[in-house]
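Undergrad: Heads up: the sequence lines are chains B and F, in that order. Here the first sequence stands for residues 37 to 155, where the numbers follow our numbering. Here the second sequence stands for residues 37 to 155, where the numbers follow our numbering.
Which copy? The list can't say, so a pair holds if one copy fits it or any two copies do.
Calculated cross-link-like contacts (lysine-lysine; reagent style DSSO-like; alpha-carbon spacing at most 27 Å):
{"#": "1", "residue 1": "120", "residue 2": "45"}
{"#": "2", "residue 1": "39", "residue 2": "120"}
{"#": "3", "residue 1": "56", "residue 2": "39"}
{"#": "4", "residue 1": "56", "residue 2": "120"}
{"#": "5", "residue 1": "79", "residue 2": "39"}
{"#": "6", "residue 1": "39", "residue 2": "147"}
{"#": "7", "residue 1": "56", "residue 2": "147"}
{"#": "8", "residue 1": "147", "residue 2": "120"}
{"#": "9", "residue 1": "147", "residue 2": "45"}
{"#": "10", "residue 1": "147", "residue 2": "72"}
It is worth saying that the hints were derived from the structure and are not from the lab.
Protein chains: 2
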Amino acid sequence: MEKVNIAQKLSLFSEFWSPKIVGELNGQLVKLAKFKGEFVWHKHEGEDEMFYVLSGVLNIEFRDRVETLRENEFIIVPRGVEHKPVATEEVSVMLFEPNTTLNTGDQVNEKTRSSLDKI
Amino acid sequence: MEKVNIAQKLSLFSEFWSPKIVGELNGQLVKLAKFKGEFVWHKHEGEDEMFYVLSGVLNIEFRDRVETLRENEFIIVPRGVEHKPVATEEVSVMLFEPNTTLNTGDQVNEKTRSSLDKI
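Let's have the full structure, built from the sequences with the hints guiding it.
TA: This is the structure we're talking about:
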């Protein structure tokens with residue numbers, strides 16, 4: 037059991053759209069990620085997903101609207117809901133989701149990361 | 037589905053040691069709490085518990101040491117591990133734990149909150 041310093045962990049990687057595992061509890065993972073640009077439309081059939089913005093601005097597009105998240109704002113995307121994260125500038129995000137969650141959900145493409153590093 | 041602004045939610049309450057529910061996903065709750073003073077020694081037999089410090093300094097005493105958490109640091113206390121949160125000055129914390137978790141774990145006393153408000 038060790039404490040985790042978010043800034044220190046964020047300094048360890050620079051790759052976009054490649055979540056890193058920084059904690060696990062009750063079958064859920066805590067991940068850090070950096071986003072820039074547009075992700076892909078996807079959904080997670082069996083998993084709710086939480087996006088917590090640590091720095092920057094994250095737009096999450098839904099089929100009927102866009103939610104804009106700033107520092108220290110979060111949203112929980114319920115299972116089954118299509119979404120597409122978009123970041124005009126670099127954004128750092130903390131994710132909470134089950135350890136079964138694939139980053140691209142029901143889509144498999146060049147952004148899919150099936151094995152995540154623990155940092 | 038609505039985004040949550042942490043500062044706005046923290047402005048809605050001032051009571052110490054009384055976690056408020058601000059989100060739920062995958063059977064887990066996201067809670068906000070303000071701590072000041074000493075809590076009680078306790079453990080959660082079946083639940084891991086995450087403490088994420090939003091502002092202030094939180095000491096978590098364990099039987100063999102103390103961990104000091106500052107802003108944007110977190111720790112995951114594994115199930116079964118006795119701990120006692122202590123905050124010399126006011127601290128704001130985000131908690132992440134199963135929806136079955138009782139704040140005082142295996143102890144029931146004046147600090148026990150068996151029904152939490154959702155804000």
